[in-house]
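Could you build the full structure based on these sequences and the hints that come with them?
Given next are the chains, with one letter for each unit.
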Amino acid sequence: METYISLAHGDGGELSHRLIRDIFVSAFGDKNAVMFDAAAITMATHKIAVTTDSFVIKPIFFPGGSIGKLAVAGTVNDLAVSGAKPAYLTCGFVIEEGFPISNLKKIVTDMANEAKKSGVTIVAGDTKVVERGSADGVYINTTGIGVYQPEIGCSLEFAEGDAVIVSGTIGDHGIAVLTARGELGITAPVNSDCASLNNMLEAILKDTSGIKIMRDPTRGGLATTLVEIAEDFQLTINIQETAIPVKAEVHGVCDLLGYDPLYLANEGKAIIIVSAKEKDKVVEILRKFPEGKDAAIIGSISSKEKGRLLLETPLGAKRLLTRLSGTMFPRIC
Amino acid sequence: MSMLEILKQSSNPEICKPLVDAVIQKAVEFRQKFGRKPAFMEVCGSHTMALARTGVKQSLKDYVQLISGPGCPVCVTDQRSIDAMIALAEGDNRIICTFGDMMRVPGSNRTLLDSKIAGKDIRVLYSPVDAVKVAKDNPDKEVIFLGVGFETTIPILTLMVGEAEKLRLDNFSIWMTTKLVEPVLRYLLEAGEVQLDGFLLPGHVSIVLGEDAYQYLVTEYNISGVITGFEPAELLSGIYKLIDLAINGQASILNNHPAVVRKAGNQVIHQWLEKYLTECDEAWRGMGVIPRSGLDLKPEYDKYNAKKRFTVEVGEPKKTKCRCGEVIRGLISPNECPLFGKACHPMNPIGPCMVSAEGSCAAYYQYMRESF
Numbered sequence: 007m008e009t010y011i012s013l014a015h016g017d018g019g020e021l022s023h024r025l026i027r028d029i030f031v032s033a034f035g036d037k038n039a040v041m042f043d044a045a046a047i048t049m050a051t052h053k054i055a056v057t058t059d060s061f062v063i064k065p066i067f068f069p070g071g072s073i074g075k076l077a078v079a080g081t082v083n084d085l086a087v088s089g090a091k092p093a094y095l096t097c098g099f100v101i102e103e104g105f106p107i108s109n110l111k112k113i114v115t116d117m118a119n120e121a122k123k124s125g126v127t128i129v130a131g132d133t134k135v136v137e138r139g140s141a142d143g144v145y146i147n148t149t150g151i152g153v154y155q156p157e158i159g160c161s162l163e164f165a166e167g168d169a170v171i172v173s174g175t176i177g178d179h180g181i182a183v184l185t186a187r188g189e190l191g192i193t194a195p196v197n198s199d200c201a202s203l204n205n206m207l208e209a210i211l212k213d214t215s216g217i218k219i220m221r222d223p224t225r226g227g228l229a230t231t232l233v234e235i236a237e238d239f240q241l242t243i244n245i246q247e248t249a250i251p252v253k254a255e256v257h258g259v260c261d262l263l264g265y266d267p268l269y270l271a272n273e274g275k276a277i278i279i280v281s282a283k284e285k286d287k288v289v290e291i292l293r294k295f296p297e298g299k300d301a302a303i304i305g306s307i308s309s310k311e312k313g314r315l316l317l318e319t320p321l322g323a324k325r326l327l328t329r330l331s332g333t334m335f336p337r338i339c
Numbered sequence: 515m516s517m518l519e520i521l522k523q524s525s526n527p528e529i530c531k532p533l534v535d536a537v538i539q540k541a542v543e544f545r546q547k548f549g550r551k552p553a554f555m556e557v558c559g560s561h562t563m564a565l566a567r568t569g570v571k572q573s574l575k576d577y578v579q580l581i582s583g584p585g586c587p588v589c590v591t592d593q594r595s596i597d598a599m600i601a602l603a604e605g606d607n608r609i610i611c612t613f614g615d616m617m618r619v620p621g622s623n624r625t626l627l628d629s630k631i632a633g634k635d636i637r638v639l640y641s642p643v644d645a646v647k648v649a650k651d652n653p654d655k656e657v658i659f660l661g662v663g664f665e666t667t668i669p670i671l672t673l674m675v676g677e678a679e680k681l682r683l684d685n686f687s688i689w690m691t692t693k694l695v696e697p698v699l700r701y702l703l704e705a706g707e708v709q710l711d712g713f714l715l716p717g718h719v720s721i722v723l724g725e726d727a728y729q730y731l732v733t734e735y736n737i738s739g740v741i742t743g744f745e746p747a748e749l750l751s752g753i754y755k756l757i758d759l760a761i762n763g764q765a766s767i768l769n770n771h772p773a774v775v776r777k778a779g780n781q782v783i784h785q786w787l788e789k790y791l792t793e794c795d796e797a798w799r800g801m802g803v804i805p806r807s808g809l810d811l812k813p814e815y816d817k818y819n820a821k822k823r824f825t826v827e828v829g830e831p832k833k834t835k836c837r838c839g840e841v842i843r844g845l846i847s848p849n850e851c852p853l854f855g856k857a858c859h860p861m862n863p864i865g866p867c868m869v870s871a872e873g874s875c876a877a878y879y880q881y882m883r884e885s886f
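Read top to bottom, the protein sequences are chains A and B.
Residue 7 is where the first sequence starts when you use my numbering, and the numbers rise one by one after that.
Residue 515 is where the second sequence starts when you use my numbering, and the numbers rise one by one after that.
By construction, these hints were calculated from the structure, which means they are not laboratory data.
Quick caveat, the model's predicted, so the values are computed rather than measured.
Heads up, a few of these hints could be off.
[What the hints assert, rightly or not] With the Cβ distance kept under 8 angstroms, some of the chain B side facing chain A (calculated, not the full set): (1) C530; (2) G569; (3) S573; (4) Y640; (5) P746; (6) Y881.
[Unchecked claim] Simulated DEER-style distance windows between Cβ atoms: (7) B:V774 x A:G35: 54 to 60 angstroms; (8) A:M49 x B:A857: 51 to 57 angstroms; (9) A:G322 x B:E707: 33 to 39 angstroms; (10) A:K283 x B:E707: 56 to 62 angstroms.
Don't be surprised by glycine CBs; every beta carbon is placed ideally from N, CA and C.
Shown next as structure tokens:
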């Protein structure tokens, strides 16, 4: 097999055929699907969930994951936090001419492994090759299809006193990727949290009641996602700074650069709002999973009005948290 | 105990909450004696941010007046200098390297971010010395670093020149627009526009300068200063000590950050500064030119001095109703500016204080525009 991707890999001829057969189909395994222009899948008759996401991360390999793992986990998580059981994925690749085929194989293997772990089947795909310089290595789009389960799900019926839970430490992905770019002049022993959460979230949906909403705080971080929930449902949400789990290393890098962990991306965390009665049980179940071992209750809904997020500092002072305005830049001193 | 565990203790609510009460009690004592709130200026932009982010300022607002001073490097940079740096980026065959804070600072016509979007090669560096590497990797381009900053940042600039010398680079230079703390404190004290009972002195800058460098505050102006760190417990104990000194009427400089700040500062850095730099007049936003208030490269290092290598033409800065100049001097609080939170907000900053990560207006907007 060739060493690098060439434009011919995307022209629909013999090289395209081999690429699909030897790399994608051999890894994703759904041989039937490739004989037709569309994959035929069997769905339950319940309501289904559909989501799509594009992945353009730099670097494509980072501590704790790769663009491939992320492309599966990210879409699986979007389905899982919606309360749907992820079933099928499609994937579209845009690859830059000259991209090493060995790297493509690694990416595809990561996708296959993550799909297996989360129990989804990759049923359809597409590959386009663009001229050198027209893309940065590889971009991946995945579309996910999930099935809502009868009787279980998120009620969206919020009440004062509902607890806000985060499934683990925040900001790990953001710091792992920033340090992996090698631009910080810092080596921080932080792995990305990139992981599929569907098995863990299915467990809390099945074994507890009273879950109001689940969201994954990816770009924009914990604060931005909570601001969105507060505004969308007109809730005042209070969170306590000392209750929010942050790794010491993440805290350290943020202090040096002037970043705020509340706004750093996560790729394997969920925010769960649950009735006060069930909150401890939810945390107990989350902590049984490796992805949820640092789960913590970080705050509560204090009123069903105003649509705002408040942070209580260690001194007991409260301040408003808003969406991130623009990109975070490192500061002068 | 690890360094991180020690740091964690300084934001431990069990330590900090009683400290808030102790500061308030001390402030009440001051008020009983003098019939007003004690007023202190935090000189450092990182202090301004930390006081607001941690809630120290909000917790003490009824008892202690904390006034933000001229400590945000981007904010104190004169508009004409900002415009010049943005204009510099317009030249061809150049790579401009900068700290992140500069990217969104409004120029009279555009920001550096606008120029970057329009296709200019402008790079935000996390580690400034990387600019030298950029120059080495791009021998056919002129690489210019925007040297904005106080004593904390200036040593890094000299380090860059040292690196460029070692590599014998001909395509690397720094656009120097640095500022020094002492001349601006003297300016404020001599102007006498703000009544102050003391200064919360910057922890970072003091690592370079040392405790002894502030004695002029006591001997010439009879005013106290406490060198203070950035964690809640450190901020609170610094303020406590300032009130205590003010009550006793005994001007003094205290080092409340002794783990990192020495009496004579960092002597190695002083040698570097002496080797490469010389004092120069600098223009400050809202204050005009203050004599010998900055450092420039010595003439023998002209080849690394972007101001000697490139000429940029800028017109009169655009006039706005922005009152950043008065905010920096501690004359008004950010919310007293008519633009604050209306025309001027972080998504549409009119002045630098709203955009910098250390700006008073940004701190006020982000953390204090409502109280709960």
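Hints, verified against the model:
Taken as an interface hint, B:C530 checks out: its beta carbon lies about 5 angstroms from the nearest beta carbon of chain A, inside 8 angstroms. For B:G569, the shortest C-beta to C-beta distance to chain A is roughly 3 angstroms, which falls under 8 angstroms, so the interface hint holds. A cut of 8 angstroms between beta carbons decides the hint on B:S573: the least distance to chain A is about 5 angstroms, and the hint holds. Nearest Cβ of chain A to the Cβ of B:Y640: about 5 angstroms, under the 8 angstroms cut. The hint holds.
Hint on B:P746 holds. Least Cβ distance to chain A is approximately 6 angstroms, under the 8 angstroms limit. Given the 8 angstroms rule on beta carbons, the hint for B:Y881 holds: about 5 angstroms separates it from the nearest Cβ of chain A. Taken as a hint, the range 54 to 60 angstroms holds for the pair B:V774 and A:G35, whose Cβ atoms sit roughly 58 angstroms apart. The given range of 51 to 57 angstroms is respected by A:M49 and B:A857, whose C-beta atoms sit roughly 53 angstroms from each other.
Between A:G322 and B:E707 the C-beta distance comes to about 34 angstroms, which sits within the given range of 33 to 39 angstroms. For the pair A:K283 and B:E707, the beta carbons lie near 58 angstroms from each other, so the given range of 56 to 62 angstroms is met.
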